[in-house]
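The whole structure should be built from the sequences, with the hints applied where relevant.
According to our numbering, the sequence shown is numbered sequentially starting from 29.
Any given hint could be a false lead.
[Stated by the list, open to error] Within a straight-line C-alpha distance of at most 20 Å, the following computed SDA-like cross-link-like pairs (lysine to any residue) qualify: (1) Lys71 to Gly54; (2) Lys77 to Val53; (3) Lys95 to Asp63; (4) Lys77 to Leu96; (5) Lys71 to Arg55; (6) Lys95 to Leu44; (7) Lys48 to Ala80; (8) Lys77 to Leu51; (9) Lys43 to Asp98; (10) Lys71 to Leu44; (11) Lys43 to Asp63; (12) Lys71 to Val57; (13) Lys71 to His58; (14) Lys71 to Lys95; (15) Lys95 to His58; (16) Lys71 to Gln84; (17) Lys77 to Val56; (18) Lys71 to Phe47; (19) Lys43 to Lys95; (20) Lys95 to Gly54; (21) Lys95 to Val57; (22) Lys95 to Phe47; (23) Lys77 to Leu44.
Please keep in mind that the hints were generated in silico from the structure rather than gathered at the bench.
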Amino acid sequence: MSSFAKLLRHSNFVKLGDFKNRLVVGRVVHRVNDDLYIDFGMKFNAICKPPAGSFQNFPIGADVVLKLQDPELSISFWAQNMI
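Given below as C-alpha coordinates:
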(Lines of atoms letter the chains of each structure in order from A; the text may use other names.)
(Lines give C-alpha, C1' and ligand atoms only; values in the text may rest on other atoms or scores of the structure.)
Protein backbone atom coordinates (compact mmCIF):
# COMPACT_ATOMS: atom_id res chain seq x y z
CA MET A 29 0.00 0.00 0.00
CA SER A 30 1.34 3.43 -0.94
CA SER A 31 1.53 6.35 1.43
CA PHE A 32 -0.32 9.58 0.73
CA ALA A 33 3.00 11.40 0.28
CA LYS A 34 4.12 8.90 -2.37
CA LEU A 35 0.79 9.06 -4.20
CA LEU A 36 0.85 12.85 -4.20
CA ARG A 37 4.48 13.06 -5.33
CA HIS A 38 3.70 10.86 -8.35
CA SER A 39 0.28 12.35 -9.14
CA ASN A 40 -0.65 14.12 -12.38
CA PHE A 41 -1.40 17.23 -10.31
CA VAL A 42 2.19 17.52 -9.05
CA LYS A 43 3.55 16.75 -12.51
CA LEU A 44 1.88 19.92 -13.77
CA GLY A 45 4.51 22.02 -12.02
CA ASP A 46 4.25 25.78 -11.52
CA PHE A 47 0.88 27.25 -12.49
CA LYS A 48 2.08 30.84 -12.93
CA ASN A 49 1.56 32.04 -16.53
CA ARG A 50 0.22 28.63 -17.57
CA LEU A 51 -2.45 28.61 -20.28
CA VAL A 52 -5.49 26.54 -19.37
CA VAL A 53 -8.87 25.92 -20.97
CA GLY A 54 -11.99 26.66 -18.96
CA ARG A 55 -15.73 26.99 -19.43
CA VAL A 56 -17.92 29.98 -18.53
CA VAL A 57 -20.33 28.71 -15.87
CA HIS A 58 -21.84 31.96 -14.56
CA ARG A 59 -22.04 35.65 -15.44
CA VAL A 60 -22.59 38.36 -12.83
CA ASN A 61 -22.61 42.04 -13.78
CA ASP A 62 -19.43 42.31 -15.88
CA ASP A 63 -17.64 39.29 -14.33
CA LEU A 64 -17.26 35.84 -15.87
CA TYR A 65 -17.01 32.82 -13.56
CA ILE A 66 -14.90 30.22 -15.32
CA ASP A 67 -14.49 26.59 -14.28
CA PHE A 68 -10.94 25.54 -15.15
CA GLY A 69 -10.70 22.41 -13.03
CA MET A 70 -9.28 23.75 -9.79
CA LYS A 71 -10.95 24.10 -6.40
CA PHE A 72 -12.50 27.50 -7.16
CA ASN A 73 -13.74 29.11 -10.34
CA ALA A 74 -11.70 31.90 -11.88
CA ILE A 75 -13.43 35.28 -11.83
CA CYS A 76 -12.39 37.32 -14.86
CA LYS A 77 -13.33 40.50 -16.63
CA PRO A 78 -13.63 40.07 -20.40
CA PRO A 79 -12.01 42.56 -22.79
CA ALA A 80 -13.93 45.84 -22.94
CA GLY A 81 -17.13 45.63 -24.97
CA SER A 82 -16.98 41.85 -25.46
CA PHE A 83 -19.08 40.56 -22.53
CA GLN A 84 -21.80 39.26 -24.88
CA ASN A 85 -19.20 37.14 -26.74
CA PHE A 86 -18.86 34.89 -23.67
CA PRO A 87 -22.18 33.09 -23.05
CA ILE A 88 -22.54 30.45 -20.35
CA GLY A 89 -21.00 27.26 -21.71
CA ALA A 90 -18.40 29.03 -23.87
CA ASP A 91 -14.90 27.55 -23.79
CA VAL A 92 -12.18 30.10 -23.05
CA VAL A 93 -8.40 30.13 -22.64
CA LEU A 94 -7.04 31.60 -19.40
CA LYS A 95 -3.52 32.66 -18.52
CA LEU A 96 -3.08 32.00 -14.81
CA GLN A 97 -1.50 34.89 -12.94
CA ASP A 98 -2.01 33.66 -9.38
CA PRO A 99 -4.04 30.47 -8.87
CA GLU A 100 -4.24 31.00 -5.09
CA LEU A 101 -5.78 34.45 -4.89
CA SER A 102 -8.27 33.13 -2.33
CA ILE A 103 -5.62 33.72 0.32
CA SER A 104 -6.00 37.46 -0.24
CA PHE A 105 -9.61 37.57 0.92
CA TRP A 106 -10.07 34.80 3.48
CA ALA A 107 -6.87 35.17 5.50
CA GLN A 108 -6.24 38.86 5.01
CA ASN A 109 -7.92 39.95 8.24
CA MET A 110 -6.76 37.01 10.37
CA ILE A 111 -3.39 38.57 11.22
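Structure-based check of each hint:
1. Lys71 to Gly54: Distance ~13 Å between Lys71 and Gly54 Cα, so the pair holds.
2. Lys77 to Val53: Measuring from Cα to Cα gives roughly 16 Å; hence the hint holds.
3. Lys95 to Asp63: holds (16 Å)
4. Lys77 to Leu96: Holds. Lys77 to Leu96 sits at ~13 Å (cutoff 20 Å).
5. Lys71 to Arg55: OK: Lys71 and Arg55 at ~14 Å, within 20 Å.
6. Lys95 to Leu44: holds (15 Å)
7. Lys48 to Ala80: violated (24 Å)
8. Lys77 to Leu51: holds (17 Å)
9. Lys43 to Asp98: holds (18 Å)
10. Lys71 to Leu44: holds (15 Å)
11. Lys43 to Asp63: violated (31 Å)
12. Lys71 to Val57: holds (14 Å)
13. Lys71 to His58: holds (16 Å)
14. Lys71 to Lys95: Roughly 17 Å separates the two Cα atoms, so the pair holds.
15. Lys95 to His58: holds (19 Å)
16. Lys71 to Gln84: Distance of about 26 Å is beyond 20 Å: violated.
17. Lys77 to Val56: Holds, at about 12 Å.
18. Lys71 to Phe47: With Cα atoms ~14 Å apart, Lys71 and Phe47 stay inside 20 Å; holds.
19. Lys43 to Lys95: holds (18 Å)
20. Lys95 to Gly54: Within the cut-off at roughly 10 Å; holds.
21. Lys95 to Val57: This hinted pair holds, its Cα atoms lying about 17 Å apart.
22. Lys95 to Phe47: holds (9 Å)
23. Lys77 to Leu44: It is violated: about 26 Å lies between the C-alpha atoms, which goes past 20 Å.
The structure does not agree with the numbered hints 7, 11, 16 and 23 stated previously, though it agrees with the rest.
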